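Work out the full structure, taking the sequences as your base and the hints as a guide.
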Amino acid sequence: MTTVPSKLGFQSRGQCNADQSTPTCTRSKHRKGTALSVISGNDEPEDLDKQRFEQLLRWLDPDRETAGAKYELIRKRLIKLFVCRGVDVPEELADETINRVTRKVHEICATYVGKPEHYFHGVANNIHLEWIRKKRAQVAPPPPPPVNEDDERRFACLERCVNKLPKADRDLVLGYYQDEKHAKIDHRKQMAEQMGLGMNALRIRLCRIRASLQSCAEQCCNENLTKQNETKHHLY
Amino acid sequence: MQAETIDERTLRKYLLGDLSPQECEKIEGWLMSDDEAYDLLVAAEDDLIDDSLRSKLNRVERHQFKARFLVAPERLEKLDFGRSFKRYIDGLRPGPAKKQSYFWGTLTGYFNRTPALGYAFYTLLTLMTVGGTWSTFKLVDLQRELRFTNAQIANLSTQRAADLQEQSAQFVDLSKERDVYRFQLNDSRSSSKKLEAQIRTLERTISSLKTSSEPVSIPVDLTRSIPPPESPTQMLATYNLFPGISRSAGTVAMARTSSSIPTIGIFANSRLVQFFLRLFIDAYDTYRAALVGSAGDEVWSSGRLVTTMVESNKVLVVLVPAKAFSSGNYSFRLTGSSSSQPLENITSYYFRVVSQ
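Here the protein sequences come in this chain order: D and A.
Take 213 as the starting number for the first sequence in this note's numbering and just add one per residue.
Take 31 as the starting number for the second sequence in this note's numbering and just add one per residue.
Watch out, some of these pointers could steer you wrong.
Stated by the list, open to error - Sample of chain D residues facing chain A (criterion: CB under 10 Å; computed from the structure): (1) K292; (2) L293; (3) K316; (4) E319; (5) I320; (6) C369; (7) E371; (8) L377; (9) R420; (10) Q426; (11) A429.
Quick caveat, the hints were computed from the structure, so don't treat them as lab data.
None of the values given here were measured: they were computed from a predicted structure.
Each residue gets a CB set at the ideal place from its N, CA and C atoms; glycine is no exception.
As structure tokens, then:
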């Protein structure tokens, strides 16, 4: 068994065996004691869990690769959906939604008509309602304000990450975000025309580059922090 | 995939929690099923964060942004990143070439939409470039030709000026030559005078000889034969001759009969025979006397003769070697010329020679 940062992208939640001719994936069990475990209260045997997860994948798509990609996409969308609803623990609610669908999949897979995504959406609505009820009871404290001590470090990391971008992407990002107001809108339209893209396609491309920059900058900051801590540890 | 797409404004309202539950349901359905929905929603989040950082949100939006949008920790991280990103972008100054690239960008975009027009434009541009290049080369060629022609004209002018200068120099040379000839003429005249003096001396000698027993020459008489000199040791014989022809009715005829032709005798030991050819009119600068035999052949000649005054008469003095003569009829054919005019026939002097 090896941990695979694969196309399936299960490394955060499960493991895939890349040594076999047909790769197999397993789910890791959710952390206990979280808000979700309180909601679901589920504690099924591990074998049954694995079996149902396999069934879920087959329901999503007969091809295992495609099913894995769909699974990741659905989870990503569920997280975004909960974020947009103001949930402070969107990943947990997304995972709980998936868990609940997984437990039901053997009942619905034969009879359900329509896209699986819509079924997930319905379950997510229920999970969200449950979360709201629980949250009212708990009166959770508001999130702490962001600490901006790392601004300089983050800025330096960002500069480094921008420089690492391919030239075309760098020019695109710098051009896309430079102007303001009407000039910005006109400029973006012109850029889209120049590239032979629609505005939405351009927006998507830019948002992906920006996300990659953010990810790169965060990774850089984390590495810097780790090095700093190690230095301190050696000093003391 | 859902056919209907959600516009940016609606997405923004959704992110700020400003939509009804039905509208939210619709957007979430779109989010779950549309391939582009997730990315467009993330892009809308980025724009909202950027607007917040640039203080472009109104009061209500600001409240919704803080109370609703920033609840999720991932959005707080995005806000931090957005702050750094804004700082980075603001640090960049737009270059002056941006407007130009905007123009070309717009043009390119337009041609991308209408490829036929684009091809036509680029073809036209190519033709203009080729034509422009050709015109430039042609212009350069014409300028070169013009320069060449100007140079030729300049050369011709220089050559003409040189020719004029050369002609002037030749003219000067001719003038000098003329002066030389004039000087030579004067010199010749002085020589003639000296010769005249010598002749006088000779005449005096002859006169003195006449007074002696042995005359050396017999003057030519027009009416009778002149007896030859008697002395066999005579070296120089002298004779006077008068023009012996006259013009009548356009033909040249002998003015005298055979019996009236003067006869001169030349001794065998004579070396020179001197003739005084009498001139009634001296109208030429120089004269030429040719000795013509009885067959009409020119036996001897002398040119550049000038007149000399002998006893108030103008004569031409001609010295002929005695051996040029044999017994028979002779004549001197006299021609004259002035300046550079050709020779003109003047008259003839007929005489008969008797060798002794």
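When the nearest CB of chain A is found for A429/D, is that gap smaller than 10 Å?
holds, 6 Å
Holds or violated: is there a CB of chain A closer than 10 Å to the CB of K292/D?
OK, holds: K292/D within 10 Å of chain A, min 6 Å.
Chain A contact restraint for E371/D - C-beta distance below 10 Å:
holds, 6 Å
Next item in the hint list is C369/D. Is there a CB on chain A closer than 10 Å to its CB?
With Cβ-Cβ at 8 Å, under 10 Å, it holds.
Could you check if E319/D really has its C-beta closer than 10 Å to a C-beta on chain A?
violated, 21 Å
Using 10 Å as the Cβ threshold, decide whether R420/D counts as touching chain A.
holds, 7 Å
Next item in the hint list is L377/D. Is there a CB on chain A closer than 10 Å to its CB?
violated, 12 Å
Grab the minimum C-beta distance from I320/D to chain A and call the hint holds if it beats 10 Å, violated otherwise.
violated, 16 Å
With chain A as the partner, please determine if K316/D meets the hint condition of a C-beta pair closer than 10 Å.
violated, 17 Å
Once the shortest beta carbon distance from Q426/D to chain A is found, is it less than 10 Å?
holds, 4 Å
L293/D as chain A interface residue, shortest Cβ-Cβ below 10 Å
Interface hint status for L293/D: holds (6 Å vs cutoff 10 Å).
When held up to the earlier numbered hints, the structure conflicts with 3, 4, 5, 8 and fits the remainder.
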